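Enquirer: Below are the chains, spelled out letter by letter.
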Amino acid sequence: MTAPARHDREPNALDEELVAYLDDELDADARAKLERRLVSEPGVRESLRKLTRVWDALETLPRAEVNEAFATTTVEAVVAKEALSQASTFAMRRSARSWMRGVALLAACALVSFVAVRWFWPDPNQQLANDLPILENYDAFRAVRNIEFLRELHQASLFDSKPTDAATATAATGPGKSLVETNLARLAAMNDDDRALIAKTRVDFEGLDENQRLRIEQLEVALRADPNESELRQVMIRYFEWQSSLSTGQRDELRSLNAPGARIARVKDMIAADLPEPDRAVVFEWVREYAEEEADELLRIARGKQWVPRPELLEAMQRDKKKWQAVLVIFRAAENGELEDLPFNEVDFKLLESRLSEVPAGRLEECLNADMKKLVLSSWLQTMARDFAEKMRNFDPRFADRDYKDLLEKLPVDRKNEIFSLPPEQARQALNDEWYLRNGDTRFGGPGGFMPPPPGGRPFGPRDDDRNDGKNGRRGDRRRHDDDDRHD
Amino acid sequence: MGVGLATSEPAGQTYEQRDPDVRLMLDVRADNAAAFEELVLRYQNRLVTVLEHLVGRRELAEDLAQETFLRVYRARKNYVPGSKFSTWLYTIANNVASNALRSQRRRREVHWESKPSGDSQAVMSLDQLAQAASGQMPTRLIDKAEMRDVVRMAVETLGERQRLAVLLNKFEGMSYEEIAQTMRMTTKAVKSLLTRARVNLRGVLEPYLERGDHPDPS
Chain A
240 MTAPARHDRE
250 PNALDEELVA
260 YLDDELDADA
270 RAKLERRLVS
280 EPGVRESLRK
290 LTRVWDALET
300 LPRAEVNEAF
310 ATTTVEAVVA
320 KEALSQASTF
330 AMRRSARSWM
340 RGVALLAACA
350 LVSFVAVRWF
360 WPDPNQQLAN
370 DLPILENYDA
380 FRAVRNIEFL
390 RELHQASLFD
400 SKPTDAATAT
410 AATGPGKSLV
420 ETNLARLAAM
430 NDDDRALIAK
440 TRVDFEGLDE
450 NQRLRIEQLE
460 VALRADPNES
470 ELRQVMIRYF
480 EWQSSLSTGQ
490 RDELRSLNAP
500 GARIARVKDM
510 IAADLPEPDR
520 AVVFEWVREY
530 AEEEADELLR
540 IARGKQWVPR
550 PELLEAMQRD
560 KKKWQAVLVI
570 FRAAENGELE
580 DLPFNEVDFK
590 LLESRLSEVP
600 AGRLEECLNA
610 DMKKLVLSSW
620 LQTMARDFAE
630 KMRNFDPRFA
640 DRDYKDLLEK
650 LPVDRKNEIF
660 SLPPEQARQA
670 LNDEWYLRNG
680 DTRFGGPGGF
690 MPPPPGGRPF
700 GPRDDDRNDG
710 KNGRRGDRRR
720 HDDDDRHD
Chain B
10 MGVGLATSEP
20 AGQTYEQRDP
30 DVRLMLDVRA
40 DNAAAFEELV
50 LRYQNRLVTV
60 LEHLVGRREL
70 AEDLAQETFL
80 RVYRARKNYV
90 PGSKFSTWLY
100 TIANNVASNA
110 LRSQRRRREV
120 HWESKPSGDS
130 QAVMSLDQLA
140 QAASGQMPTR
150 LIDKAEMRDV
160 VRMAVETLGE
170 RQRLAVLLNK
180 FEGMSYEEIA
190 QTMRMTTKAV
200 KSLLTRARVN
210 LRGVLEPYLE
220 RGDHPDPS
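Residue numbers (the working numbering), protein chains in the order written: chain A, 240 to 727; chain B, 10 to 227.
Honestly, the hints are just simulated from the structure, not real lab data.
Where hints are given, some of them may not hold.
In the EDC-like style, the derived pairs of lysine to aspartate or glutamate whose C-alpha atoms are separated by at most 16 angstroms in a straight line are [claimed, not checked]: (1) LYS197(B) <-> GLU181(B); (2) LYS197(B) <-> GLU256(A); (3) LYS179(B) <-> ASP262(A); (4) LYS561(A) <-> GLU536(A); (5) LYS197(B) <-> ASP254(A); (6) LYS200(B) <-> ASP580(A); (7) LYS544(A) <-> ASP580(A); (8) LYS153(B) <-> ASP295(A); (9) LYS200(B) <-> GLU536(A).
Just a few of them, taken from the derived set where beta-carbon distance is under 7 angstroms, the chain A residues facing chain B [to be verified]: (10) PRO250; (11) GLU264; (12) LYS289; (13) VAL293; (14) ALA296; (15) THR299; (16) GLU304; (17) VAL305; (18) PHE309; (19) VAL317; (20) LEU447.
Quantities reported herein were computed from a predicted structural model and do not represent experimental measurements.
In this text, a Cβ means the ideal position worked out from N, Cα and C, and glycines have one as well.
Using the sequences provided together with the hints, build the complete structure.
Expert: Printed below as a string of structure tokens:
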């Protein structure tokens with residue numbers, strides 16, 4: 240199509256005055272002066288009329304009216320994502336507590352009707368213990384609609400059903416103990432954070448509408464009665480974890496399919512498009528090799544982009560530093576959606592294709608050129624990067640909470656709000672960036688090159704020693720924070 | 010990270026007193042779900058309108074609006090009134106939209122490389138639009154729908170920053186200072202940006218509005 244041309248002529252002083260006049264942004268003196276000109280000069284009047292007419296024409300632009308369900312859908316989506324985020328935090332904590340695994344008890348006691356327990360035990364602690372299996376996997380229960388879907392999912396063998404210790408712990412009771420007694424013991428052994436999280440989840444659960452709550456309770460009752468209880472619980476957790484990696488659109492699509500068979504067929508398709516675990520290792524190895532060969536070029540590109548390195552691998556992997564930095568550059572590019580800027584070529588992709596299993600290799604083969612292959616690779620690396628980041632987070636001892644707090648105290652209020660508005664991972668990255676900006680010498684191209692900061696962090700102090708270097712960007716100049724000059 | 014955000018107490022109180030949406034947001038901070046829903050209801054159409062004109066697609070605009078509200082909700086515990094609520098909201102929306110536009114540009118570049126002749130029929134050019142209009146309406150009266158399309162396309166010719174400034178100014182009635190806060194610019198830079206935007210719009214639209222001539226496509 241032929242786009243209308245832009246008319247980029249330099250506005251003159253009169254244009255600026257007239258626009259400010261129309262926007263009521265002139266001070267009294269300037270306004271009076273302009274109004275005198277408007278009375279005496281027809282040309283000025285004409286300019287004002289034209290600007291006004293153009294501005295008024297913008298009134299014809301359509302205003303959106305979202306459908307009635309938008310607010311409800313938005314609030315539900317927001318709350319669900321927030322719950323998901325909290326659930327994953329909880330899951331991380333839980334997996335870290337190896338002692339919890341000892342709670343996995345040997346024999347299952349007789350099933351107690353869920354509803355009956357709630358009815359006959361008015362004691363809130365006992366109710367909480369009864370609800371514990373739901374509360375610990377609340378989001379997974381919400382993701383799975385009913386036992387029929389779960390059973391079909393189990394039969395389809397799409398997800399690993401080998402019960403983990405945690406799933407077994409949820410399902411099992413201690414010898415000679417009822418489920419409630421076992422769960423009371425588990426509650427008593429929890430730390431304050433986990434208990435608080437359980438309590439908060441309980442409030443959310445109680446806040447559900449009657450039908451939703453009943454559906455979840457029925458699912459729990461059916462699970463307890465099922466001979467494959469542990470396997471089904473495991474499938475439920477795995478399904479939820481997998482679903483969490485989907486985009487909002489994909490999740491909505493699954494939700495829209497009511498028939499279990501149709502949903503499972505779609506789940507199969509989606510899984511088929513994903514990269515299987517063995518191929519992930521292949522891709523990672525290929526990335527590592529490529530990074531080793533092209534380390535200099537990758538680091539040059541990263542310096543050009545002024546990417547601030549992440550600290551995790553630097554501390555965890557002191558050997559082969561350059562290679563790992565180059566690996567990080569590739570992941571960073573994928574995460575930023577900038578993989579097309581890296582010099583992968585057809586030969587590189589041919590090598591990768593030859594190592595991958597049939598389906599993912601076919602996906603690469605279908606691409607017309609290297610750029611399209613980079614898009615496919617980018618989607619794989621983004622998924623892998625999440626796993627990678629989760630693992631690496633444990634290697635990041637430098638950023639104690641106190642360091643973050645100290646840093647936050649020093650940031651301008653709008654920057655803090657901006658950081659807090661980001662998703663947790665991005666917020667952490669933004670904080671890391673701020674830390675580097677304030678401590679200097681630790682980013683690409685800095686005097687210390689790509690070096691990690693000293694152990695335990697460095698005291699925050701005055702440090703813009705490059706005031707005259709002409710840089711004033713977010714990553715290139717700490718002066719921006721020293722002077723709080725955000726508007727240059 | 011339960012760190013309070015530092016702002017001067019009187020300034021925060023001023024915003025709280027003057028802006029009912031700030032008070033709602035403070036309720037959201039106190040985990041009042043109804044307050045959050047009310048904020049969504051108040052801003053959903055306004056936000057989607059601005060985002061749609063910014064990114065050019067309704068569906069994407071709704072997704073981005075949801076993402077914006079999600080970020081607001083996630084930031085609730087650390088929210089301290091430092092400006093009008095709408096200023097803060099559009100600052101977040103601006104970040105969200107910028108990210109989306111960056112990704113969109115990348116995708117489009119790759120797409121065009123592989124399909125250079127694609128998309129040619131997707132949108133009617135101003136040239137075609139004016140010809141069609143002149144054929145149907147010899148007197149060249151500009152009907153509302155045609156006018157809307159021409160104006161929409163004229164707005165699309167603006168750069169992203171000019172477009173956002175215009176939208177915030179026109180649809181949200183934001184002052185230069187508020188736009189400056191939202192877009193992280195100086196007030197002076199906003200004044201200049203808006204002047205350029207209006208002069209550009211005048212350049213594109215004036216022949217059409219004054220004489221019914223279609224804008225110069227060259």
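Enquirer: With reference to the structure, classify each hint as holding or not holding.
Expert: Results for each hint:
| no. | hint | verdict |
| --- | --- | --- |
| 1 | LYS197(B) <-> GLU181(B) | violated (19 angstroms) |
| 2 | LYS197(B) <-> GLU256(A) | holds (12 angstroms) |
| 3 | LYS179(B) <-> ASP262(A) | holds (10 angstroms) |
| 4 | LYS561(A) <-> GLU536(A) | holds (11 angstroms) |
| 5 | LYS197(B) <-> ASP254(A) | holds (14 angstroms) |
| 6 | LYS200(B) <-> ASP580(A) | violated (35 angstroms) |
| 7 | LYS544(A) <-> ASP580(A) | holds (10 angstroms) |
| 8 | LYS153(B) <-> ASP295(A) | holds (13 angstroms) |
| 9 | LYS200(B) <-> GLU536(A) | violated (42 angstroms) |
| 10 | PRO250 | holds (4 angstroms) |
| 11 | GLU264 | holds (5 angstroms) |
| 12 | LYS289 | holds (6 angstroms) |
| 13 | VAL293 | holds (5 angstroms) |
| 14 | ALA296 | holds (5 angstroms) |
| 15 | THR299 | holds (4 angstroms) |
| 16 | GLU304 | holds (6 angstroms) |
| 17 | VAL305 | holds (5 angstroms) |
| 18 | PHE309 | holds (6 angstroms) |
| 19 | VAL317 | holds (5 angstroms) |
| 20 | LEU447 | violated (12 angstroms) |
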